[in-house]
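K.L.:
Going line by line, the protein sequences match chains A and B. Under the working numbering, the residues of the first sequence are numbered 65 to 408, in order. Under the working numbering, the residues of the second sequence are numbered 65 to 408, in order.
Incorrect hints may appear among the rest.
Copies of the same chain are indistinguishable here, so a pair counts whether it falls within one copy or spans any two.
Restricting the straight-line Cα-Cα distance to at most 16 Å, the calculated cross-link-like pairs of lysine to aspartate or glutamate (EDC-like) are [said to hold, decoys possible]:
| id | residue 1 | residue 2 |
| --- | --- | --- |
| 1 | K81 | D104 |
| 2 | K81 | E170 |
| 3 | K81 | E181 |
| 4 | K81 | E174 |
| 5 | K102 | E208 |
These are calculated hints, taken from the structure and not from any lab test.
Residue-level listing of the chains:
Number of protein chains: 2
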Amino acid sequence: MTIGEIGEFALIDRIRKLLPLPGEDVVVGIGDDVAVLKADAERVWLATCDVQVEGSHFLRAAIDPVDLGHKALAVNLSDVASAGGRPRFALVSLGLPRDLDLAFIEGLYEGLRAEAEPLGVDIVGGNISSVRHGLFIDIFLLGEAPRDEVVLRSGARPGDRILVTGSLGDAAAGVALLLDPSLEMEAAYASRARVRRDRPSPRVREGRLIGAAKTATAMIDLSDGLAGDLGHLCEKSAVSARIFASALPVEAANRTFSASAKGDEWHLALHGGEDYELLFTSPPDKAGRLAEEIRKATGLRVTEIGEILEAGQAPEFVLPDGKTVGFGGGGWDHFSIVKGRVER
Amino acid sequence: MTIGEIGEFALIDRIRKLLPLPGEDVVVGIGDDVAVLKADAERVWLATCDVQVEGSHFLRAAIDPVDLGHKALAVNLSDVASAGGRPRFALVSLGLPRDLDLAFIEGLYEGLRAEAEPLGVDIVGGNISSVRHGLFIDIFLLGEAPRDEVVLRSGARPGDRILVTGSLGDAAAGVALLLDPSLEMEAAYASRARVRRDRPSPRVREGRLIGAAKTATAMIDLSDGLAGDLGHLCEKSAVSARIFASALPVEAANRTFSASAKGDEWHLALHGGEDYELLFTSPPDKAGRLAEEIRKATGLRVTEIGEILEAGQAPEFVLPDGKTVGFGGGGWDHFSIVKGRVER
Numbered sequence: 065m066t067i068g069e070i071g072e073f074a075l076i077d078r079i080r081k082l083l084p085l086p087g088e089d090v091v092v093g094i095g096d097d098v099a100v101l102k103a104d105a106e107r108v109w110l111a112t113c114d115v116q117v118e119g120s121h122f123l124r125a126a127i128d129p130v131d132l133g134h135k136a137l138a139v140n141l142s143d144v145a146s147a148g149g150r151p152r153f154a155l156v157s158l159g160l161p162r163d164l165d166l167a168f169i170e171g172l173y174e175g176l177r178a179e180a181e182p183l184g185v186d187i188v189g190g191n192i193s194s195v196r197h198g199l200f201i202d203i204f205l206l207g208e209a210p211r212d213e214v215v216l217r218s219g220a221r222p223g224d225r226i227l228v229t230g231s232l233g234d235a236a237a238g239v240a241l242l243l244d245p246s247l248e249m250e251a252a253y254a255s256r257a258r259v260r261r262d263r264p265s266p267r268v269r270e271g272r273l274i275g276a277a278k279t280a281t282a283m284i285d286l287s288d289g290l291a292g293d294l295g296h297l298c299e300k301s302a303v304s305a306r307i308f309a310s311a312l313p314v315e316a317a318n319r320t321f322s323a324s325a326k327g328d329e330w331h332l333a334l335h336g337g338e339d340y341e342l343l344f345t346s347p348p349d350k351a352g353r354l355a356e357e358i359r360k361a362t363g364l365r366v367t368e369i370g371e372i373l374e375a376g377q378a379p380e381f382v383l384p385d386g387k388t389v390g391f392g393g394g395g396w397d398h399f400s401i402v403k404g405r406v407e408r
Numbered sequence: 065m066t067i068g069e070i071g072e073f074a075l076i077d078r079i080r081k082l083l084p085l086p087g088e089d090v091v092v093g094i095g096d097d098v099a100v101l102k103a104d105a106e107r108v109w110l111a112t113c114d115v116q117v118e119g120s121h122f123l124r125a126a127i128d129p130v131d132l133g134h135k136a137l138a139v140n141l142s143d144v145a146s147a148g149g150r151p152r153f154a155l156v157s158l159g160l161p162r163d164l165d166l167a168f169i170e171g172l173y174e175g176l177r178a179e180a181e182p183l184g185v186d187i188v189g190g191n192i193s194s195v196r197h198g199l200f201i202d203i204f205l206l207g208e209a210p211r212d213e214v215v216l217r218s219g220a221r222p223g224d225r226i227l228v229t230g231s232l233g234d235a236a237a238g239v240a241l242l243l244d245p246s247l248e249m250e251a252a253y254a255s256r257a258r259v260r261r262d263r264p265s266p267r268v269r270e271g272r273l274i275g276a277a278k279t280a281t282a283m284i285d286l287s288d289g290l291a292g293d294l295g296h297l298c299e300k301s302a303v304s305a306r307i308f309a310s311a312l313p314v315e316a317a318n319r320t321f322s323a324s325a326k327g328d329e330w331h332l333a334l335h336g337g338e339d340y341e342l343l344f345t346s347p348p349d350k351a352g353r354l355a356e357e358i359r360k361a362t363g364l365r366v367t368e369i370g371e372i373l374e375a376g377q378a379p380e381f382v383l384p385d386g387k388t389v390g391f392g393g394g395g396w397d398h399f400s401i402v403k404g405r406v407e408r
């Protein structure tokens, strides 16, 4: 049987079973956005890695290396943010073809530096290997947090409100434009969508605020799309969820585009990947205040979009007319998964 | 200008200049075997990464995936050992073609587990990405050590003795056999050389003992060959070195093979890579005792092979007849570098 046939989530399950139980200093091992490792009595380290591979994540001829540098680090920053952590140290592992132009590397590091420096993240080492095909940039990021401020995927409880930062579906709209430039999109929105695609903004400040508030019960970053990542959060928390379409922070231009390109005005918001917003849950008496705190401190929109249901209930997507449907199929198994991008 | 034209060390220098100076919690950044990061007042974290790429480091058809798992982790364990640290946590970043057989992954993790478990190293997470060409396994390893027991490349002083664990040139003899099975090698030695090539033994216990003894002034692991790695150590310590051929721990069968295959009986010992032994320095009044302590505790051979010279002196390789030559060219610039395997 091949990797492609078994599927990536089943593969990860197999791998988990091949490994022994971790030691006592591993607070959280395989299965969340980050590994959580005991640093001392009060603090933990958060460790994660994510790679950008030519041909799978980007096309060399189409990407600006500065954007690639930004993005390669941003996707990792987003993972640390989604646990409520402060990113600290990065290692950069590069696989480079020997005929690569030096200017590409200089652009790449310009992007990495621009992403790291404002957050106080130090690039402390790495590795360079030659590859024949398929340039890659693999980043290992270490963050830290007070142990009692770490927010995992697994703490959501029935009744909790579901909140999300920023807006949804923009990066996917940008990707759709890249794949088919003839698609019609409102010009001002198209330029915003392209920026969201090429320069994701990991919500690092927001993640720290959410952790420090100690009123969020679960959190995940949106890399695979709202439906898929909400599915991960619900699975880890052993709960279900209801989302209200009318509450989703989606631009009108995105809905129009989604309806014409995908046949459904909510498709990009639900199934479009790489928004790198934070999706989190909080009890009903605390959610409003938490959202307001983040808004005030950062200026970023925070929206309540639904609520957590008991485990046995079917996941619900409530349309503006009150009709309830599933998420593009009706069950977690149908949640969209971006190929080649699987969290462990 | 391309990466291949500028060369990898010059590329790393360029990269270093593109980055800002690291913050105060970075004890050692780019340029040693590991990054050294402040954990608390007494302890540091040691962070490193190294990748095995199909086509550059191994051929998929020729390698046993169990061996690949062992080796992928071993090369990282060796880096932490070479700083005197205790390896603790690993993340595994995999780039996998979709047609890869599941049995390959199971073998890979069998090797990873066998390498990790006896040392108490936890595999705590990672990432899986699909690749079109060129399977890779990239490992990020975190170790720890008391801050005053970390041994860097940079502390060697003139007069210090140079010591090495184990034996030299065996892995390279194994690689030569792989590339040309028709080469003549004594049968018993050939089988030892193959094991050293396929299952390197990172000197983790020895590294911890050397760190804890606090009498070593500098250390590096031998991945690029004695000449090259001694060159790195001398460069970082701003010193030179003299090595005595007659003292080198090289099996007679290796010298015979090296003479016939490479035209020089010392070639594999000096320039063969991937031995993953530890090369370290210690003041003359402490070196003998340090070597004896390691031998007694681990049973592994430790050999004094030379001494550190002042910076201005030419590096010397003293042949058994007393004649002094350089290391295959006479200067550090001619030290051999294994392509595609560059430490940062």
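K.L.:
Of the numbered hints stated previously, which ones are contradicted by the structure, given in increasing order?
P.N.:
Violated: hint 1 alone.
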